[in-house]
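**Q** Take the sequences, apply the hints, and build the full model.
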Amino acid sequence: MKNRIDTFVNSEVGKLEAVILHTPGKEVENMNPHNVQKALYSDILNLSVAQSEYAELKEVLQKVSRVFEVKDLFIDAISNSKVKERLINKICQNEYRGELYEELMQMDSRQLATSLLEGVPSKKNTLTEFMNKDLYALRPLHNFFFTRDASITIHEKVLIGDMMSTVRKRESLIMETIFDFSSQLKSTTINPENYPPKHPNVIIEGGDILVAREDILLIGIGGRTNTVGVDF
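Under my numbering, read the sequence shown as residues 18 to 249, first letter to last.
These are computed hints drawn from the structure, not numbers from a lab.
Careful, some of the hints might be misleading.
[As the list claims (entries may be wrong)] Keeping only pairs whose Cα atoms sit at most 30 Å apart, straight-line, the calculated DSSO-like set for lysine-lysine is:
no.	residue 1	residue 2
1	107	141
2	107	80
3	141	186
4	32	75
5	99	43
6	99	186
7	80	174
8	174	99
9	186	75
10	203	174
11	43	186
12	107	140
13	107	203
[Said to hold, decoys possible] Quick list of the computed label-pair ranges, beta carbon to beta carbon:
no.	residue 1	residue 2	range
14	69	200	26 to 34 Å
15	119	229	43 to 51 Å
16	200	150	38 to 46 Å
Cβ atoms here follow ideal geometry from the backbone N, Cα and C, with glycine treated the same way.
**A** Set out below in structure tokens:
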């Protein structure tokens, strides 16, 4: 195995040594006309086209850097039973799905990674679930191939995104788990959620942040990053 990568970025135009991608998978295919707006899209995405375009991007990046896939790093991180239990506890608490705890704990690391990325179908075995129009107890992460939003490296620290949309918050938990516990990476994370008292209005996403050079950081303010997030 190659040496662990020290996460460090002080320029968007410096030499690229490694990059993390998430190739679109079944979580994109699980979108339909009824949930497309909840998934934050204006129309259904063609999975085969998205995968083809992403494969071209990955091929280019592999020529100049090491390319890691989110799912591979995630499987590696949650192979540790304590990390796995910690993550499942957080997800069940954040998404109000305590009834899924035992089911998720029984999965191996690959099954768990797949389920948390592609969604956990609702069993419809209670009246509440039967009446619920959502097909998933844990929604698929339709947007995760926009990998930069959930985390961004600024110098030697990795800022975990505090996402605007609730349906994307699991992405941040997964990226935090990867950077904290993957055997492939050596990182220090900063998560607004872990700095109490957290201001309830913090919103900051990596797609709005640009490391211009070692002494200049550009942050866009808008629908997905607010002034409170910048102040953080």
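**Q** Tell me, which hint numbers fail for this structure?
**A** Structure breaks hint 2 only.
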